[in-house]
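Chains S and E, in that order, are what the protein sequence lines are. Residues in the first sequence are numbered from 0 upward in steps of one, following numbering that gives the first Met the number 0. Residues in the second sequence are numbered from 0 upward in steps of one, following numbering that gives the first Met the number 0.
It is possible that some hints are incorrect.
[Unchecked claim] Far from chain E, some chain S residues (derived; all Cβ distances over 10 Å):
#1 R37
#2 G49
#3 G148
#4 G200
#5 A229
#6 A267
#7 K270
#8 K292
[To be verified] Quick look at which bits of chain S chain E covers, simulated, 3 or more residues with Cβ under 8 Å:
#9 11–22
#10 104–114
#11 125–137
#12 211–221
#13 242–251
Because the hints were derived from the structure by calculation, they are not lab data. Using N, Cα and C, we set each Cβ at its ideal position, and we do this for glycine too.
Number of protein chains: 2
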Amino acid sequence: MNEFDLIDRLTRSLPGNSSIVIGPGDDCAVLDFGIADRLLLFKTDAVVEGVHFPPGTEPRRIGHKALGRCLSDIAAMAGTPVAALVTIALPQDFDPEVVVAIYAGINALARRHEVAIAGGETTSNPERTLISIALLGWAPRGKAVLGSGAEAGEAIFVTGALGGSLAGKHLDFEPRLEESRWLASHFPVRALIDLSDGLAGDLRHILKASRVGAELHSSAIPISVEAKRAAKARPGAKPPLLAALTDGEDFELLFTVPSRSAVPLLDAWKKKFPNLPLSCIGKITAGESITIKDKNGVRPLSAHGYAHFA
Amino acid sequence: MNEFDLIDRLTRSLPGNSSIVIGPGDDCAVLDFGIADRLLLFKTDAVVEGVHFPPGTEPRRIGHKALGRCLSDIAAMAGTPVAALVTIALPQDFDPEVVVAIYAGINALARRHEVAIAGGETTSNPERTLISIALLGWAPRGKAVLGSGAEAGEAIFVTGALGGSLAGKHLDFEPRLEESRWLASHFPVRALIDLSDGLAGDLRHILKASRVGAELHSSAIPISVEAKRAAKARPGAKPPLLAALTDGEDFELLFTVPSRSAVPLLDAWKKKFPNLPLSCIGKITAGESITIKDKNGVRPLSAHGYAHFA
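Chain S extracted, bound-state conformation:
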């Protein structure tokens, strides 16, 4: 049984009830608690020392990342976060000042997005620090944007610049909450997701859920300075475009809009968010594959999220 078989087996037999609008599989669970104009968004995410951040990481940045990942998932539904609970599992010889600093990182980000920290617990995990955050938010009823609404012909957009996140951005990124709410309230966003697994992998999630394909324009994919720097730093390093497609942890927004909205969106975006680039990187196609087009022609992206370049 591999990981995908396991997840499939687990999710097939989960207990449900009438509160569930969207269960496992999208960025957040969506719940109906009978609020006239709103649905609840419910998300948990954990970061583990040595897995999601290296030992010795500045504690404030660990806290920032732990909450930031959950907030990014609320952004991926064009939602508004409201309240979080924080679980911190600590080695037995933990330094209380580290816990205070982790909370300082969580609290600063929470304040910026008007999220309450409603409580939590500290428990023991003898070998390493683990932080799990549970987050509750809302989206206007019928307006939560799923990852499954893409249709052939739509334009594909991505915010920011991609790749090289492990150089630092994965600990400092700002979740795109304001941007996604603005997008969903001003343009007909059809599919929306936050980039955590890398552009190629996360685009594949949208395509699979929407049963469509995509054609990307190689030259339009925004590559981060860090990805370019890493490629130059040593021979045999990942080429910058491959890094932008596959590095992961960008926590930018990936979404589609009808093609007629593409130019008005780019114009309005530049005025509203002059400091955050928005790039149209290609279009949704009727097939179920991803191709990438450059000056030498059109090539397929492999099934594993990696582009094979000759």
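Following the hints, position chain E against chain S.
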């Protein structure tokens, strides 16, 4: 900085917002999401291998305990659980069948209480299994029962039989959801908590929050068969009464009602829940100490939740 200083320092500076009705310190956070007649209850709880269950514990029982602890906290607010998210952190060489069995334990308990499992994640924790559950529920607006409402003269009640939980009950207990909702809708319950730290410790939480004291009747405290058996098993073992006061993880209900309700409650309880004992174990007093009365007189319980017997 000790554990209490740390928690005090952390909770003093948490970001809040207008959604928070009850923040850190009670059994669950209580949130106002603008639902006319309901408040939301929000809780997380983690169990860690080697801390909350021994290595080799039957996976189904681990899952049961993980969800059961959260459900018990909803019971402690006389609430109704609705939906949970499950985070399982696993060693790298985990057996997928173990994960399936942990979920089977979670799912069976969830079905019994009509709780949906709305999603979750599996992540890596190389040395040991850790399960964190986030749970969302509700209570009628204005009717969530806090741990802080006890007043002098009220009768103190406890369900079930206490002590010796580590012999097995801590993995198999049934959260008292039906009982607590029935209680709160039929009797004026003033303070309610679930027993996780042991009767002496949890009673102290109620007393501190309510600024009152208590006098317990030694002979009225219900002692479990397991606590009696453990006391006989080896010389120097905890006496049964001390086990009932301090063992912890009973997951029974501890609550107070006005003294005039005590007899009607006992009568109605016997009819409604004939298989679950309910015991009146003493009364709330005006002081701020706990005393315990037996045939030899009245003695104080120490500040650390342990009774000192000569």
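Hint check results:
Not every CB of chain E lies more than 10 Å from the CB of S/R37, the least distance being 8 Å, so the non-interface label is violated. Not every C-beta of chain E lies more than 10 Å from that of S/G49, the closest at about 7 Å, which undercuts listing it as non-interface. At roughly 19 Å from the closest C-beta of chain E, the C-beta of S/G148 stays outside 10 Å, upholding its exclusion from the interface. For S/G200, the condition that its CB be more than 10 Å from all CB atoms of chain E holds, with the nearest at approximately 16 Å.
Look at S/A229: its CB is around 24 Å from the nearest CB on chain E, clear of 10 Å, so calling it non-interface holds up. Distance check for S/A267 against chain E: the nearest CB is about 29 Å away, which clears 10 Å, and the non-interface claim stands. With a least CB separation of 30 Å from chain E, S/K270 remains clear of the 10 Å interface cut-off, as annotated. Non-interface status of S/K292 relative to chain E is upheld: no Cβ of that chain comes within 10 Å, the nearest being about 35 Å off.
Check result for the stretch 11–22 of chain S against chain E: holds, 8 residues qualifying (beta carbon to beta carbon below 8 Å, three or more required). Residues of the stretch 104–114 of chain S lying with their CB closer than 8 Å to a CB of chain E number 5, which satisfies the three-residue condition for coverage. For the stretch 125–137 of chain S, the assignment as covered by chain E holds, since 8 residues bring a beta-carbon within under 8 Å of that chain's beta-carbons and 3 suffice. Under a criterion of three residues with beta carbons nearer than 8 Å to beta carbons of chain E, the stated coverage of the stretch 211–221 of chain S fails, only 0 such residues being counted.
With 0 residues carrying a beta carbon less than 8 Å from a beta carbon of chain E, the stretch 242–251 of chain S misses the three-residue requirement, and the given coverage is violated.
In the structure shown, a violation is registered for the earlier hints numbered 1, 2, 12 and 13, in ascending order.
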